[in-house]
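Asker: Mapping the sequence shown onto numbering that gives the first Met the number 0, position 55 (from 1) lands on 54, and the numbers just tick up by one.
Keep in mind the hints are simulated off the structure, nothing from the lab.
As the structure is a computational prediction, the values presented were derived from the model and not from experiment.
Positions of the beta carbon are idealized from the N, C-alpha and C atoms, including for glycine.
You may find that some hints are simply not true.
Said to hold, decoys possible - Derived Cβ-Cβ restraints for the label pairs, each shown as a range: (1) 98 / 51: 15 to 21 Å; (2) 328 / 215: 31 to 37 Å; (3) 277 / 74: 57 to 63 Å; (4) 28 / 277: 42 to 48 Å; (5) 51 / 195: 45 to 51 Å.
Claimed, not checked - Below, simulated BS3-like cross-link-like pairs (lysine-lysine); rule was C-alpha separation at most 25 Å, straight line: (6) 388 / 147; (7) 114 / 52; (8) 10 / 73; (9) 114 / 133; (10) 77 / 133; (11) 133 / 123; (12) 348 / 147; (13) 359 / 385; (14) 37 / 359; (15) 388 / 359; (16) 398 / 275; (17) 231 / 157; (18) 133 / 267; (19) 73 / 52; (20) 147 / 77; (21) 231 / 133; (22) 133 / 157; (23) 123 / 73; (24) 348 / 359; (25) 157 / 146; (26) 222 / 127; (27) 10 / 146; (28) 278 / 267; (29) 157 / 73; (30) 37 / 10; (31) 348 / 385; (32) 37 / 267; (33) 231 / 278; (34) 267 / 230; (35) 146 / 133; (36) 398 / 385; (37) 382 / 359; (38) 127 / 114; (39) 398 / 267; (40) 273 / 398.
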Amino acid sequence: MVAENFLKELKTSQIVELETCVRCGACSEVCPVYEQDKSIISVPALKLQELRKIIGKDVSILGLISSASKVNLKELRKASEAAYLCTLCGRCWIGCILGIRNRELREVLRSMIYKAGYIPEPLKNIDKTLMKYKNPYGSNGRLGWLKKLDFQIPVNVKGSNILYFVGCTSAIRDPSIAESTAYILRSVGESWTIMDNEWCCGSAWIALGNMDAARNFAERNVKEIESLNVKKVVVSCAECYRMFKWEYPELNVDYGFEVLHISELINKYLNEGKLKTGKRVIERITYHDPCSLSRLGGIVNEPRNVLRQIIPREAEFHYLVEMPENRMNTYCCGGGAFLEFIHPELTLKIAEHRLNQASKAGAEILVSACPICKIVFTDAANKLNKNIKVYDITELVAKSIASSQN
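Kindly produce the complete structure, drawing on both the sequences and the hints.
Answerer: Printed below as a string of structure tokens:
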């Protein structure tokens with residue numbers, strides 16, 4: 000059954016890519032996990048070789064498609080550690096001279112491992128938690144962040160222009176991002192609302208390997224959103240953005256609303272003169288591109304345009320500095336795809352590398368546009384005693400707006 004399900008889901012293009020890889024190792028030169036781990040099993044190309052072993056010895060394109068192909072469960076169990084030694088950041092795709100989408104093939108491998116019941120032990124509790132609570136953190140309090148606000152939040156208001164899809168991490172682990180986003184939407188007098196019954200966007204399911212659950216969660220979220228008849232869905236999480244914008248269509252989940260990341264919306268407000276910023280940030284800022292927003296999402300200019308509006312205009316190049324690996328070539332924070340739950344020490348090393356890059360660039364503040372990135376960098380800065388502040392872009396914008404109203 001595992002073999003049949005796998006071969007049914009595997010795309011023809013992925014079969015070709017699996018056969019095309021020449022195992023040159025160029026992907027390892029850009030992989031954050033391999034750079035910090037240096038183990039053979041962390042080499043992206045060798046993980047594809049593991050996938051070929053699992054399918055069987057006959058690895059020609061015709062052989063892969065044929066009904067004779069069988070999944071080697073022994074090899075599948077062995078491949079589990081390697082498959083999850085990855086943040087799914089997609090940087091291997093940038094480094095591959097043949098443009099092989101190693102990340103997507105890794106998702107296929109995880110799907111096989113999940114179906115066979117071989118996911119790493121630390122992730123089994125997350126699997127159960129996600130199914131029970133509809134978020135990976137085991138919380139029933141998705142709306143707890145509303146209590147800290149001194150203004151009323153519109154909930155389940157039909158016909159609003161915008162629905163703010165808060166996301167699990169912003170709602171539960173770092174509510175400051177949700178609060179800041181709400182403050183921004185309120186400040187411009189936007190017609191907006193939130194749902195009181197959000198489920199995870201499905202990114203967590205893909206990271207675990209349960210594509211069926213990801214599709215079910217996606218279908219359910221879209222159904223609930225469309226019942227409110229909103230025109231746009233705005234997210235403050237890079238993972239939520241990637242899911243809605245790119246993964247939902249791949250899962251054959253269609254919708255009739257526009258999807259925007261909050262940085263796109265803030266940039267639009269600023270360009271239209273709807274949003275007035277106040278006191279400028281007189282500290283050097285560097286922007287960290289979240290992998291799912293930049294390389295996997297295509298959003299790189301809007302966050303920088305926003306930051307230019309809250310620093311001194313006459314000294315832009317002094318106050319907004321770039322790290323060497325940025326935009327589509329951004330370096331992962333280390334916290335993606337549950338790596339921090341399996342190998343926390345490796346996540347810390349990857350985050351430390353990025354924080355060192357920020358310091359060398361002369362930055363006093365590191366800004367990102369994803370709650371996971373912010374949490375990982377904040378935790379690493381505290382553990383490593385790094386003298387750098389970490390913010391989400393919504394927090395800095397909200398602070399600037401507040402200063403203009405005092």
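Asker: Look at each hint and say if it fits the structure.
Answerer: Going down the list of hints, with the structure as the test:
1. 98 / 51: 15 to 21 Å: With a Cβ separation near 19 Å, residue 98 and residue 51 satisfy 15 to 21 Å, so the hint holds.
2. 328 / 215: 31 to 37 Å: Taking Cβ atoms as reference, residue 328 and residue 215 lie about 35 Å apart, which means the hint holds.
3. 277 / 74: 57 to 63 Å: holds (59 Å)
4. 28 / 277: 42 to 48 Å: Holds, since residue 28 and residue 277 (Cβ atoms, about 44 Å apart) stay within the stated range.
5. 51 / 195: 45 to 51 Å: Distance hint for residue 51, residue 195 holds at roughly 47 Å.
6. 388 / 147: Judged against 25 Å, a Cα distance of about 23 Å means the pair holds.
7. 114 / 52: This hinted pair holds, its Cα atoms lying about 17 Å apart.
8. 10 / 73: holds (24 Å)
9. 114 / 133: holds (20 Å)
10. 77 / 133: violated (30 Å)
11. 133 / 123: The hint holds at about 15 Å.
12. 348 / 147: violated (34 Å)
13. 359 / 385: Distance ~12 Å between residue 359 and residue 385 Cα, so the pair holds.
14. 37 / 359: Roughly 24 Å separates the two Cα atoms, so the pair holds.
15. 388 / 359: holds (14 Å)
16. 398 / 275: OK: residue 398 and residue 275 at ~11 Å, within 25 Å.
17. 231 / 157: holds (12 Å)
18. 133 / 267: Violated. Residue 133 to residue 267 sits at ~32 Å, over the 25 Å cutoff.
19. 73 / 52: Holds, at about 10 Å.
20. 147 / 77: violated (47 Å)
21. 231 / 133: With Cα atoms ~23 Å apart, residue 231 and residue 133 stay inside 25 Å; holds.
22. 133 / 157: holds (23 Å)
23. 123 / 73: holds (20 Å)
24. 348 / 359: The given pair, whose Cα atoms are some 16 Å apart, holds under the 25 Å limit.
25. 157 / 146: holds (22 Å)
26. 222 / 127: holds (24 Å)
27. 10 / 146: violated (47 Å)
28. 278 / 267: It holds: about 20 Å lies between the C-alpha atoms, which stays within 25 Å.
29. 157 / 73: violated (52 Å)
30. 37 / 10: Roughly 31 Å between the alpha carbons, so the hint for residue 37 and residue 10 is violated.
31. 348 / 385: holds (13 Å)
32. 37 / 267: It is violated: about 43 Å lies between the C-alpha atoms, which goes past 25 Å.
33. 231 / 278: violated (30 Å)
34. 267 / 230: holds (16 Å)
35. 146 / 133: Holds, at roughly 21 Å.
36. 398 / 385: Given that 25 Å is the threshold and the Cα spacing comes to 23 Å, the pair holds.
37. 382 / 359: With a Cα-Cα distance of about 19 Å, the restraint between residue 382 and residue 359 holds, given a limit of 25 Å.
38. 127 / 114: Measuring from Cα to Cα gives roughly 14 Å; hence the hint holds.
39. 398 / 267: holds (18 Å)
40. 273 / 398: The hint holds at about 16 Å.
When the structure is compared with the earlier hints, violations turn up for hints 10, 12, 18, 20, 27, 29, 30, 32 and 33 and for no others.
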